[in-house]
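Based on the sequences and whatever the hints tell you, model everything.
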Amino acid sequence: MSENRLHIDWTACDGRGLCAELLSEILVEDEWGYPLARDGAVEPAVPRALQKNAKRAVDRCPALALRLVNS
Amino acid sequence: MTVVDVLPGVGRRLLAGSTDGRLDTHLARYARPPRLDGVQLVGLLRDAGLTGRGGAGFPTWRKVEAVLGASGVPVVVGNGSEGEPASGKDRALMAYQPHLVLDGLQIVAGAVGARQAYLYVAAASAVGVRAALGDRRGAGLDPVPVSVVVAPERFVAGEESAVVNAVAGRAAVPSDKRVRVTEAGVGGAPTLVQNVETLAHLALIARFGPHWFREAGTAEEPGTFLATVGGAVGVPGVVEAGYGVRLGDLVDAAGGPAERLQAVLVGGYHGGWVPALPELAVSRAGLAPYGASPGAGIVVALPVGVCGLVETARIAGYLAGEVAGQCGPCVNGLPRLATTLTDLAHRRGRAGLGREVDAVREVERLSLLVSGRGACRHPDGSVRMIRSAMRTFDADVAAHLAGRCVAEEAR
Numbered sequence: 001m002s003e004n005r006l007h008i009d010w011t012a013c014d015g016r017g018l019c020a021e022l023l024s025e026i027l028v029e030d031e032w033g034y035p036l037a038r039d040g041a042v043e044p045a046v047p048r049a050l051q052k053n054a055k056r057a058v059d060r061c062p063a064l065a066l067r068l069v070n071s
Numbered sequence: 001m002t003v004v005d006v007l008p009g010v011g012r013r014l015l016a017g018s019t020d021g022r023l024d025t026h027l028a029r030y031a032r033p034p035r036l037d038g039v040q041l042v043g044l045l046r047d048a049g050l051t052g053r054g055g056a057g058f059p060t061w062r063k064v065e066a067v068l069g070a071s072g073v074p075v076v077v078g079n080g081s082e083g084e085p086a087s088g089k090d091r092a093l094m095a096y097q098p099h100l101v102l103d104g105l106q107i108v109a110g111a112v113g114a115r116q117a118y119l120y121v122a123a124a125s126a127v128g129v130r131a132a133l134g135d136r137r138g139a140g141l142d143p144v145p146v147s148v149v150v151a152p153e154r155f156v157a158g159e160e161s162a163v164v165n166a167v168a169g170r171a172a173v174p175s176d177k178r179v180r181v182t183e184a185g186v187g188g189a190p191t192l193v194q195n196v197e198t199l200a201h202l203a204l205i206a207r208f209g210p211h212w213f214r215e216a217g218t219a220e221e222p223g224t225f226l227a228t229v230g231g232a233v234g235v236p237g238v239v240e241a242g243y244g245v246r247l248g249d250l251v252d253a254a255g256g257p258a259e260r261l262q263a264v265l266v267g268g269y270h271g272g273w274v275p276a277l278p279e280l281a282v283s284r285a286g287l288a289p290y291g292a293s294p295g296a297g298i299v300v301a302l303p304v305g306v307c308g309l310v311e312t313a314r315i316a317g318y319l320a321g322e323v324a325g326q327c328g329p330c331v332n333g334l335p336r337l338a339t340t341l342t343d344l345a346h347r348r349g350r351a352g353l354g355r356e357v358d359a360v361r362e363v364e365r366l367s368l369l370v371s372g373r374g375a376c377r378h379p380d381g382s383v384r385m386i387r388s389a390m391r392t393f394d395a396d397v398a399a400h401l402a403g404r405c406v407a408e409e410a411r
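Chains A and B are the protein sequences, given in the same order.
Residues in the first sequence are numbered consecutively from 1, following my numbering.
Residues in the second sequence are numbered consecutively from 1, following my numbering.
Hints should not be assumed to be uniformly reliable.
To be verified - Just so you have them, the derived chain A footprint on chain B, three or more residues with Cβ under 8 Å:
#1 175–189
#2 254–263
#3 371–379
Stated by the list, open to error - A few chain B residues facing chain A, derived, Cβ under 10 Å:
#4 288
#5 332
#6 368
Keep in mind that the hints were calculated from the coordinates and are not lab data.
It should be emphasised that the depicted structure is a prediction, and the values quoted were computed from it without experimental measurement.
Virtual Cβ for every residue (Gly too), placed ideally from N, Cα, C.
This is the structure:
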């Protein structure tokens, strides 16, 4: 099973907004700048085509708050 | 907080017999706790159907089994921190029956092979618990050493991962849930956190068996629970009853309604408002249609002359003040929810919101926005309480939007 869901560690996230820019297909910023899944999911699914972008977002999160996890 | 006598038909187990908290009276009634191995304990708990009494109601046997299956020497923690302001049952239990709790802690610790156990309690319980542990040491009752850790008086300090952090010497705030504490908790060891009331029930199940346990409660939700009954009742306090007890009987056990009641908050500040129907069964099944559950057994009675929206706004404000400060959506969202509810409660229009965006829609929007977006269930629990208020007090919501108040007119 590939790691195909996005997990946000809310205790680490401080709303820098990089993930919403790099993964705009999946995430938007809420009114306070924190990532919000477009589909409303707590751990939004990452389609195969977006896996590379998702990995990049995980790697670039300055708070190390983002992870790809198994569903 | 007093422990009041219960009516016939409302079971009494944890609060049966002497409640002086002494070891000699405890041993005279119950004798020394039995020793069980892990397989025996899991079987007993599964047959009994014991669920956690701290609020979430998770099957106890599953957590024990998870810890048994994890690698490493487990740690066991009894949780009596009771950060919920409307609850007094854990402190009452620690004062009146500390040895049932400590028996339960030893039985579990022995069964899972723990070498260290902790009791995490409110400051009010610490002196009594240390004295009880001293008496037990003299009697050679505690093969697994027990350390007492005092919980800070914060709402979220009793959340499972916050308990683990506090016991490990860190701030008592929740952690991200990528790894379960039953896998890696205190010092990386598999950790079993159980509410103190759960441990007391377990101590009785180990002695009297699962069939005895199932004589109270319902087939689906067996056993008794401690309820903290407060608000507009004659004698606020802690009572014990089987799951499925009529709401009216529970209120009567606490002296009956002090005034005519309009609603009841069940399950505490993360619980749900339900109409004050005496026939309502206090069980998961009975409360599910209202989006509520017995939770940690809290029942707060609201009289007809007090506005449910004002009370809800007050609680929402309290909950917003109790955020751990870690998770952005909760830190920002709960105060916004509280402000919106306060405006609605005081029938104020809100600056910045167009007339077409009424408070009801704003509450719903913010509720959806914060749900599921935190390390713990504080936002979700707060939203559950708030949304139940919008349903149960719907007539008052409409009245407030029209500049009136139903409760005010009922006075």
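Hint status (Cβ of residue 368/B to nearest Cβ of chain A, threshold 10 Å): holds (7 Å)
Verdict on chain A covering the region 254–263 of chain B, where coverage means 3 or more residues with a C-beta closer than 8 Å: violated (count 0)
Restraint satisfaction for residue 288/B [CB to CB of chain A, less than 10 Å]: Nearest chain A Cβ about 22 Å off; hint violated.
Residues of the region 175–189 of chain B with Cβ under 8 Å from chain A, three needed, outcome: Answer holds; 3 residues pass the 8 Å Cβ test.
Whether chain A covers the region 371–379 of chain B (at least 3 residues having a Cβ closer than 8 Å to its Cβ atoms): With 4 residues close enough to chain A, the hint holds.
Hint status (Cβ of residue 332/B to nearest Cβ of chain A, threshold 10 Å): holds (4 Å)
In the structure shown, a violation is registered for the earlier hints numbered 2 and 4, in ascending order.
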